[in-house]
Amino acid sequence: MDMSKIKFKDEIELLLSNLDKIPDGFWLRTDGRKYQVIWFMDRQKPSVEQSYTFDEERFGITKDGRIIWGFDSGCSCPSPWSQSDYGDDNYNIKTWKEFEVESESAFDIGWDDECYNNLKDYLLLIKTNISAEDVLSTKNAEVRRYLIKKIGYEKIKQMTNAKIIHKDNTSELLDLEYNSQIERYVKVKDSSTDREYLLYVPSHIKTCKEGIAWTFDLKEEEYNPILET
Amino acid sequence: MTEMYRQGDLLFIKTNKTIGTAIKSKDILKSSITGHSHSITNGTIYVNDDINWEHKGNFYLYIPDEGTEIIHPEHKSIFLSAGIYEVRRQREVNGYVQD
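Protein chains in written order, with this note's numbering: chain Z, 1 to 229; chain A, 1 to 99.
With the rest of the complex left out, here is chain A (with noise of 0.2 Å):
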């Protein structure tokens, strides 16, 4: 059964793959009506640039053998062991859940 996590609307797939780009920010996803962002402690977020932010296949998060919090203001943190994990966005029939 493939290890899974959801923080909000970000659920955290581990898988063995890493597509895109490392980028500096820790910030996974920022909303624009809170302002509040989903963010790693630790390791590194890769942006697949050729897809736009689409609910999935757009961010992988490399988790070094310390492993990271994943924190958010208004949801309980959740700790994700070493290992590659695929992000994905919740989404809706017209959108994504959030913006």
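So that you can see chain Z by itself, here it is in the shape it has in the complex (with noise of 0.2 Å):
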């Protein structure tokens, strides 16, 4: 599905039916043509950034797969609903499945970069079948992080024709491919969490401790910290 554009009501609804599971619900508020993507900590109350305001348009999908209409700010169909029909003061979310959106006209959503990226990561924490795309394309470290603790770091080499060019300890340096582009890494474990990462760094860097002390913009010789944590 092209997400760069998805009409309201019908392709939200294809996109939710494909998935394996359904969201336990998120939002998209907008502001004017823009939107961002929000999705519960909890499905208490949202997080701190994601305060819930009543005055902006929005809509929410929600673990039945339900589209429930916010707001009529500004939105080509109005809102039947008031805000105690789905929500209350604590925010927290009532059944929905009483509701259903009626209304036939649907507007084109547009995704800037962030909010495009923010929904594909949450979809594919979700998604089964991963590819070294997936991974490797995800620009966020924590999400990529999970998939590949997913899938596992030793499928992801075999997928990506791994090359290795430094190891260190716990880290290793390594040259993968995929979509016929080599993109150099450096795997780090974390000694906190036993987590381990993929770092993308220049091609130019030749060990494991280069790519870490260019990550924080440092030489090689400079990066010496007295704890790591």
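Hints in this document: simulated from the structure, not taken from any laboratory. C-beta atoms are modelled at their ideal positions from N, C-alpha and C, and glycine is treated no differently. Take these hints with a grain of salt, some might be off.
As the list claims (entries may be wrong) - If you want the footprint, here are the derived chain A segments under chain Z, 3+ residues with CB under 8 Å: (1) 15-28; (2) 74-81.
Stated by the list, open to error - Straight-line Cα separation of at most 25 Å, DSS-like style, residue types lysine-lysine; simulated pairs: (3) Z:K189 to A:K24; (4) A:K24 to Z:K209; (5) Z:K139 to Z:K209; (6) Z:K157 to Z:K206; (7) A:K24 to Z:K219; (8) Z:K150 to Z:K206; (9) A:K24 to A:K76; (10) Z:K149 to A:K76; (11) A:K14 to Z:K209; (12) Z:K163 to Z:K219.
With the hints as a guide, bring the two chains together.
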């Protein structure tokens, strides 16, 4: 699906029907023609950044796939519901089964890069058949880390014809190939969490330590932390 | 050799300069994915208002005589002694390590 332009009801529902798991719920908050993805960290209330205001147009996609129209400011379709119909003062979501979008008109949703990347990242977290491109094209290293764990670091190396340039304790500097391009990454292991990350570094990097130093804009010989956690 | 410490994707480099405006928050950086923050228990964060949150040159810490703990839910704490520290954020070729 071309996510650069999504028509409201039909394509969102088609998108949901192709997912392995229905999201617990996420909201798209509009600001003119721009949208940002917001999702609930837990299902009780949004996180601090995603403050819940009632004077902006938005809609939600709920666990059972219903589309809930938000507010009617600036929206091409009037909202038939009031605030109390779908949420209480503490932002707890009520069950939505009794609601359904009846409006026939749809509108084009324009995604700016940040919105697209965030939604794409979120959908990757619940996707089952993850490709090397899915992993390596993900900008967020934390999401990438999760995907690597999901399919396995050794599997990633197999999928990308990994070539190890340098090894150092728990780190590896390697070239990974996908979509006819080769990218250099340094694999690091976090000493506190034992999580493994692949960090995209320039192709001139020759050692693991040089790669890690580069990520902090330091030369290899300048990077000497007294403590790393 | 410059004194420095790393916690997760943040590097704290001791320096002798401060740039920017003091802020009230004790949170240096909060992940929009996990909601976790790197925070100080003591001291002041300075933000360079002229620069968007780039990987360096944007955040400084002023740590008083008692020192501070840098805390994070997933990483062991780091103790920083008194002084001024530049905070650098880990980067990749295509942007930041975390958003």
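Quick rundown of the hints versus the structure:
1. 15-28: Not satisfied, violated; 0 residues make the cut.
2. 74-81: holds (count 5)
3. Z:K189 to A:K24: 33 Å, violated
4. A:K24 to Z:K209: Distance of about 35 Å is beyond 25 Å: violated.
5. Z:K139 to Z:K209: Measuring from Cα to Cα gives roughly 22 Å; hence the hint holds.
6. Z:K157 to Z:K206: 19 Å, holds
7. A:K24 to Z:K219: Violated, because 33 Å separates the two Cα atoms, which is more than 25 Å.
8. Z:K150 to Z:K206: 28 Å, violated
9. A:K24 to A:K76: 24 Å, holds
10. Z:K149 to A:K76: Holds - the C-alpha atoms of A:K76 and Z:K149 are around 22 Å apart, at most 25 Å.
11. A:K14 to Z:K209: Holds: A:K14 and Z:K209 sit about 20 Å apart, inside 25 Å.
12. Z:K163 to Z:K219: 23 Å, holds
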